[in-house]
Amino acid sequence: MVTLRVDGPVMQGEICYISTGGDRLMAEVIKLVGQDAYVQVFESTRGLKVGAEAEFTGHMLEIKLGPGMLSHNYDGLQNDLDKMEGVFLKRGQYTNPLDEEREWDFQPIAKVGDKVQESDWLGQVEENHQPLKIMAPFQLKGVATVKSIVPAGKYKINDTIAVLTGEKGEDVNVTMVQHWPVKFAMTNYAEKPRPFKLLETGVRTIDTFNPIVEGGTGFIPGPFGTGKTVLQHAISKQAEADIVIIAACGERANEVVEIFTEFPELVDPHTGRKLMERTIIIANTSNMPVAAREASVYTAMTMAEYYRSMGLRVLLMADSTSRWAQALREMSNRMEELPGPDAFPMDLGALISNFYGRAGYVYLRNGKVGSVTFLGTVSPAGGNLKEPVTENTKKVARCFYGLEQDRADKKRYPAVNPIDSYSKYLEYPEFAEYIKEHINEEWIPKVLDLKTRMQRGKEISEQINILGDDGVPVEYHITFWKSEIIDYVILQQDAFDEVDAVTPLDRQEEILNLVVSICEDETHSFDNFQEVVDYYKKMINLCKQMNYSVYKSEQYNDFKKQIEEMIQNG
Amino acid sequence: MSTAFQKVYTQISQITKATCSLKAKGVGYDELATINGKLAQVVKIMGDDVTLQVFEGTGGIPTNAEVTFLGKAPSLKVSDQLAGRFFNAYGQPIDGGPEIEGKDVEIGGPSVNPVRRKQPSELIATGIAGIDLNNTLVSGQKIPFFADPDQPFNEVMAMVAMRAKADKIILGGMGMTNDDYYFFRNTFAGAGALDRIISFINTTEDPAVERLLIPDMALTAAEYFAVEKHEKVLVLLTDMSSYADSLSIVSNRMDQIPSKDSMPGSLYSDLAKIYEKAVQFPESVGGGSITIIAVTTLSGGDITHAVPDNTGYITEGQLYLRRDSDVGKVIVDPFRSLSRLKQLVAGKKTRKDHSQVMNAAIRLYADAANAKTKLENGFDLTDYDNRCLDFAKDYAKQLLAIDVNLNTEEMLDVTWTLFRKYFKLEEVNIKKEFTDIYWK
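The listed protein sequences correspond, in order, to chains A and B. Residue numbering for the first sequence follows the numbering used here, beginning at 2 and increasing consecutively. Residue numbering for the second sequence follows the numbering used here, beginning at 685 and increasing consecutively.
Looking at chain B on its own, in the form it has when it is part of the complex (with noise of 0.2 Å):
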């Protein structure tokens, strides 16, 4: 961009650790400028006093430095140069190639209209019967796994992507450890997918605040390929625990009052802005779409926390994964994970059984629980309590264990063959119509 005509402004008349004030004239809310070449954003603007956030920290800014400002909100130029390229906060290249070439377009803009909107109905096939048996995918849809930090949901979350038949994965790593980062990029050009993969990544060692341009980042990309190209895009984002971590910095360099676990009292507007992004697309505009699966890591496993709490109120299910210590792997826990969209494909996409059989064995396994507690607190067992344990094991390792790999007849299939095992045809609690087929 040009500035040889733009007027620069030397008078900085207050620093804070966040933000440079200074006075100027006709600048725009949300416009860019830079400082001595430091990237900062207008966030208030007084009569003339305008306050400018730094993004990656005011330090060594004098008072005397050169402002300028650009004229645009952040902005990412969009074509298809884009493919395969890894960019940082600011959509500028970090793999050493050259800078993009394409459309200008600002970023975080407006929402889709609803009723342009087609509703969901698409499946997504992962193979993994945690998923695709008790809490199916559905293109359009937004989804995080809640995690504990060891908990491998990056490597899932790979699994998901690699195995998803999208034309496009775009990734968006906030606060992302270097060894994740190189985990991501190695495992898509091993899977030689390469080329179908856009990365925009904040790493642990980049400054905290710019992650916040991230998500808009991706679903800007993301609304190119679905909106200009009627791709089917799946945008993938970790860790939004990070980022949300990063507005509560920001709101409280900026005086806000705090509301729950110090959070911005406009968390859920704030989140919900980046999940709605995820969209399905009618025919009549090219039935593109845009997926979101992102990760919002826990602390404690607590689920209360605000972070957490609006993320569930705001995606359409949550996926956790869970050590199943009697089958010793790691299980997609069928209790708490939940897709809110699997019965626009369940029993529609797949076999009419679905539904019925998903929610029995899921009763059973509750039935074994409750077992366990017995087992536990030195009660006896009962014949049924004993072969629902026994049912449990199975299930777990045949079915909920991430490292499965079915289709979703299959995994009807077995858990039918489970039931036939373990159980009493009443025992099941499932509808006639289908055990006069299956149950045999």
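Extracted from the complex, chain A is given alone in its bound form (with noise of 0.2 Å):
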């Protein structure tokens, strides 16, 4: 942290840059106090002087937003890292996140005459193969008129491709460029609604046992080695979304170094392109300055609010919001601030409710709809949930996956704890209404008997290590081995198996109906308990082979039919 002395008006949060030994330091003002400036600096502050010139901005922490973000690779501050030189990241470099030579493909879409607020669309472009909105200025005021608009043709971002008279008459010229501060919610919407469009992600747990809706938001806590990554990575490689918006956010370097190794190569299972086409990386991973980690989460946030004004559906990862959390509490604790719970600050609660708050569903003005739905993961220190950054997420995040180490340590991924997991949208009125008219009216009933069965099944497991094998009725066992059917076949999936790794929508009902059919089934007796364990052993490797098939092939129709014939026949 470093103190200025300033020798003019400076706002809260406004950016500016400090000199030295040749380098430029971008900073944040975090405090004012009469002449001096208390500021963040975004960067390592080695050798700087007493002296050193600074130079303020007149704006706050914002970015560029506009065509040619797609499949690019940021930093917290949203420079392109890929425009960045040499092997080290230099202290004091920026680049320009956009592309101000490349040509795009504009149509536009308002008239002259039309009507205009902030935000509107007037033109579209297309940017690989997204449909693009050029709209009106984020910051214009009340309603403007178009005075005139560019013919279909091809353009640069900083071209001007419409102008609009202002309310009080002035010309505006508009470019493809927005700016937007980050810490700031864009409210261009008409209206946002309780979310109930099922998100399908491919994965089992989630999309059968607790889904997640386009616009939601959920939650990923878990210690170290549970598989949260993992879990992150399969949701964004498979869930239907427009957009996939990644932030790294003070995690580790291979991580994302595997992202931009394997999705331009992976195919997106719903469009059949390249995953990378969709998606954008911003990375500050824990060895990149802490005070541009707090920024990234926003940087992310409000792209992912860019696109969904467009009438996109945006899915934004943040990996981990503990680690924002924990940039939190450094700076404040630099700013000698009285400490909250566990040394975070007194209003990480509020913070961590207003991020989660930007998510959703919403109706445009013009009647179109788009979403931003967030999946944040925690790391909880000692894997302990009761600590400030999981307590406060769970008040405000719809859905809860809780990674448990049990589990992992058993190998039974991904991790998902199945009773204490949920997710809210399961109850929601909304939410089944969509489901009956696009999957089944028995989707959901079913769903809530086998969390039942697996509530069940957890009891008995409990009562048998107590009791032994024979000190329960054998229809003990045969309950609880049901509910070992549905955590091996539903909620068991390897990430790293080419055809388990994903189940689409239908395949995933497939596989409910029979699972159900085989825990309804009483009509099997057994002897002792031996025979039960044989029973759904077999059972559970046929139930596995059918996972690994590819779907409808002969080998999964051949396993689908044993199954079939050992309910029938036992």
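Hint data in this document are derived by calculation from the structure and do not stem from the laboratory. Please read all numbers here as calculations on a predicted model, not as lab measurements. Errors might be hidden in some of the hints.
[Unchecked claim] With a Cα cut of at most 35 Å, we get these calculated DSBU-like pairs of lysine-lysine:
1. Lys802/B / Lys756/B
2. Lys412/A / Lys1032/B
3. Lys561/A / Lys1108/B
4. Lys802/B / Lys411/A
5. Lys944/B / Lys50/A
6. Lys1077/B / Lys1056/B
7. Lys395/A / Lys184/A
8. Lys32/A / Lys957/B
9. Lys84/A / Lys802/B
10. Lys1116/B / Lys452/A
11. Lys562/A / Lys545/A
12. Lys539/A / Lys1108/B
13. Lys761/B / Lys709/B
Once you've looked at the hints, go ahead and assemble the two chains, each given alone in its own frame, into the complex.
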């Protein structure tokens, strides 16, 4: 933290650049006392001397938005990492996030004389097969009239594509570039209803058991080594979204490298195009400056909101929000603020809830819809969920996917605890209505039934542990093994197997029905518990082999038939 | 360095246990200084008031001590002459040899741009099945041993270092006992590997705060060989818990508000800055790599303590050692150990059945653990339970023990043999495509 003596008006949150030894270091104002501005420098302050000059920019931390961001890799302050020279990140190197020379095929939407408000659609360009809207400036006040708009053709981002007449009769030039201060939510929509549309992720423990919805929020807490990152990557690869933004916040650089390496090769299961085409990565890995970490999640959220205002479905993933909270803690500590629980700042809960609140399914003013779905991971200290970040997140996120050490130790992946995890959306009547229309009426009751069976199975396994295998009736073993069937066949999924990694919804429906029919089968009688164990182990093996087989292939049908025969004959 | 024209300050305004304050101008943050010959670093500047942290403590410093600012952050002279030498925390030779000549590089330098990294994909074979089979190491990885102080982690680490085919091995010893220092020295010399080794040693006899420089020194040397010489470098850091203890001493002396376990709130960033130096460079810049194997000692096996906990979130897995009383050997614990990068090589650089065989064996080993609990609670065991227990003994003895030395193919074959000996086909839950080949 650096203190500056200023000779003019300065605003809270303003960005300035401090000069030192030929470098210009970006910093943000965090406190003002008289003529002293306390600023947080976003980079290493090594060698900084008293007397260094600083230059204020007059604006808060903002990012540039426009066509040309997809498949790019940015740091937390929206510098294009690929444009940076050298193997190492040099201090004070800032790069343009957009390409000013690239030409875009522009199609006008608005006509001369149209009345427009801020962020109304004026035209469209296409990037990686995504229709991107060129919108009226976000800062536009009141209603303006389109004075002129360019015809369809090739334009660069800084070309004037339209001129609007503002309320006071002034001319407003419109380019393809927008600016937005990252810490403020975009509210350029008509309404934000309760979300209800299932967001397919291909992960059975989510889609079938605890579904997330378009515009929904969820979080994944878990001790290290329980598979947070693997689960997040699986979701980002498979989810049915138009744009996926991944904020790698204070995590390992190699995890980002995995995305750089694999996404350009992997295919989006919904469109058949390369995954990288729809992906943006915001990387503030754990060795990058801590001060820029807070900014990185806001940068990612602002980009997500930008695409949402174009009527796109955006999935935003942040791994991990705990690192963001820790960055806040380090800063508040340096400001010598009185600490809250575990030395986190007192307003941590408010910051987390404001951030999650920016997600959502929205109706735009033109009647179109867009969504930002947000999934964050939480890395609780010591795996203890009774810590401030987890507790505060639990208050605002609607889905909870708790990863469990015990399941991970037993290699039951994904290690999402089936009993404690929840999706509040299962209780939404809007969601039930949607599922009834798009899948079937029995889906939710069946899922709830399986959840009860899981609970019962857990209780019985505890009893068996106390009383011994022979100390409980054979029926207890049957109930327990039915819960194991649910666990092995639906919940466990091999993220590294080509086939099993992603299960489309229709296949999930088939698996669900099959498992329900195994669970509802009461016709078999067993003499002792050993017979129960043998029967269900054989069943689990067949079901797993089926999960590994290509859907509807001969092998798949063959295993399915064997399973059905086993249910029939025993 | 010439000090002829440097300004000397002689008026110290405040001395605490670890810091000295004085009025000085034109001083940079992080800059080094000497106070009556003792090294110190600038940690705070408020106007003209400069606070210096004295590494070896302030005992014996008078208020009129001579303070000279060196105009640079801590640095290390790097060149090929480093090879085979032993240094202290300041990078000064402690083996009686000559000073190193070379480029002077500030330690704790910038991070690698993530887009300039390459995804690690090269297997590091150690011959230990608990590692190669269950927790395969990859070059460019960072992984610690989580161990109790009485476990033979230094021995295993030295064994791994000797078997891994690294061009350079850099040892960073923090708070190391003199005995362990000699153990490493003798092991390296005995293996005829001294010319590949560079050591930065802070023993228990040296001031604790000096330790803070060790990892940065070791990694600055590592970056020289990986970036400039394109070599495969293996860095051994032992023990990171002593490093963290020094961090907490300093933060305490600086009046910072402690967070969990009296550690500074920045512990995660401090550790990440070190571990994230592990990297694999792409061929386009010469393809060097830095792999970090560290040791984090636990107190009473508690992994929820802030140091192992934060480490676990930073590193790419962790390895646990455990004494298996059934076979009387130290094994690599298959339950809690994890290498996060193993899927980058398992089944790709090794035989295709690697992942499935590994998971099946661990699952059956877990069933054996359950059976053992049943036995201890006085319940009857089933036939399956008994078979699991027998399997577990053979598995621990023939594969998990740290004295095993096999190649991965042999490890897989041994596991299949054990599967067939104790189980039925449907009990192992392995994909048909593999059981068709190996279940014979």
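Cross-check of the supplied hints:
For the hint linking lysine 802/B to lysine 756/B, the alpha-carbon distance of about 32 Å falls within 35 Å, and the restraint holds. With a C-alpha separation of about 20 Å, the suggested pairing of lysine 412/A with lysine 1032/B holds against the 35 Å cut-off. Proximity of lysine 561/A to lysine 1108/B is assessed by CA-CA distance (about 22 Å); at most 35 Å being required, the pair is judged to hold. Between lysine 802/B and lysine 411/A, the direct Cα distance comes to roughly 31 Å. Compliance with the 35 Å bound is thereby established for this hinted pair.
Between lysine 944/B and lysine 50/A, the direct Cα distance comes to roughly 33 Å. Compliance with the 35 Å bound is thereby established for this hinted pair. Restraint check for lysine 1077/B and lysine 1056/B: the C-alpha separation of about 12 Å stays at or below 35 Å, so the hint holds. Proximity of lysine 395/A to lysine 184/A is assessed by CA-CA distance (about 22 Å); at most 35 Å being required, the pair is judged to hold. For a cut-off of 35 Å, the pair hint linking lysine 32/A to lysine 957/B stands: about 28 Å separates their Cα positions.
As the CA atoms of lysine 84/A and lysine 802/B are separated by approximately 17 Å, the hinted pair is consistent with the 35 Å bound. Restraint check for lysine 1116/B and lysine 452/A: the C-alpha separation of about 30 Å stays at or below 35 Å, so the hint holds. A hinted pair counts as satisfied when its Cα atoms are at most 35 Å apart, and lysine 562/A with lysine 545/A qualifies at roughly 14 Å. With a C-alpha separation of about 11 Å, the suggested pair lysine 539/A and lysine 1108/B falls inside the 35 Å cut-off, and the hint holds.
With a CA separation close to 28 Å, the supplied pair lysine 761/B and lysine 709/B stays within the 35 Å bound.
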